[in-house]
Amino acid sequence: MRKYLIPTAALIAIAGGTVVIAQAPTGVPGTKDVAKVTGGTYKVDGGHTQVVFAWDHMGFTNNMGTIAEPTGTLTLDKANPAASKVSVEFAIANLRTGVTKLDEHLMKADFFDAAKFPTATFVSTSVKPEGASGAEITGNLTIKGITKPVTLDAEFYGAGTNPMNKQENVGFVATGSIKRSEFGMGYAVPVVGDAIELKIIAGFQK
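According to the working numbering, the residues represented by the sequence shown are 174 to 379, in order.
These are computed hints drawn from the structure, not numbers from a lab. Heads up, the beta-carbon is just placed ideally off N, CA and C, and yes, glycines get one too. Among the hints, a few may not be true.
Stated by the list, open to error - Here are the computed distance ranges between Cβ atoms for each label pair: (1) A227 with P254: 28 to 36 Å; (2) F233 with M337: 24 to 32 Å; (3) E355 with M231: 17 to 25 Å; (4) G359 with D326: 42 to 50 Å; (5) M231 with T334: 43 to 51 Å; (6) D250 with W228: 33 to 41 Å; (7) G203 with T246: 19 to 27 Å; (8) Y360 with T292: 39 to 47 Å.
As the list claims (entries may be wrong) - Derived DSS-like pairs: lysine-lysine, alpha-carbon spacing no greater than 30 Å straight-line: (9) K209 with K289; (10) K258 with K289; (11) K209 with K274.
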């Protein structure tokens, strides 16, 4: 996550013998109050959105990777939350595990076949509000040209105005799971786990 370090005295200007000090914003601009979220269409904040995926390796370890910098939109309908919708596209080239040889293998036909299928997409088909700040989001996930329904449990994380760009931001965390074999990636199953656990950190802005 990008961190911005801002000194307390961000600017000292001398004009007509007067020293003017512009103070940096204090406190966290985001709020956990879901009532502060505004409706409308947001764009994915690619710099603060990523999918974290985890799998079992031979029963020895639980390994992880990420896919970041997606594009897409979120339409929030405050009057009728069930009418809200989200559409996101991920470039497979942005996948990272921290292991170069594994990343290279994942790009090949055994797995994502990125040369032929360079993107993965998720398009919501229904949103069911749960409690004050959660929702069950069902949608179509397309990987390697194969589309399957997937359900995610999403929870509101925070909202507010970003003091850097003055845009309204809203964030969510969602979890779910898929079987990679259902998307044409059954290589080494069951020695390497079929189940892929997902955690999506999703940021949007308008």
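Results for each hint:
1. A227 with P254: 28 to 36 Å: holds (29 Å)
2. F233 with M337: 24 to 32 Å: violated (43 Å)
3. E355 with M231: 17 to 25 Å: holds (21 Å)
4. G359 with D326: 42 to 50 Å: Distance hint for G359, D326 is violated at roughly 26 Å.
5. M231 with T334: 43 to 51 Å: Holds, since M231 and T334 (Cβ atoms, about 47 Å apart) stay within the stated range.
6. D250 with W228: 33 to 41 Å: holds (35 Å)
7. G203 with T246: 19 to 27 Å: Holds - the Cβ-Cβ distance for G203 and T246, about 20 Å, lies within 19 to 27 Å.
8. Y360 with T292: 39 to 47 Å: violated (20 Å)
9. K209 with K289: violated (43 Å)
10. K258 with K289: holds (28 Å)
11. K209 with K274: It is violated: about 45 Å lies between the C-alpha atoms, which goes past 30 Å.
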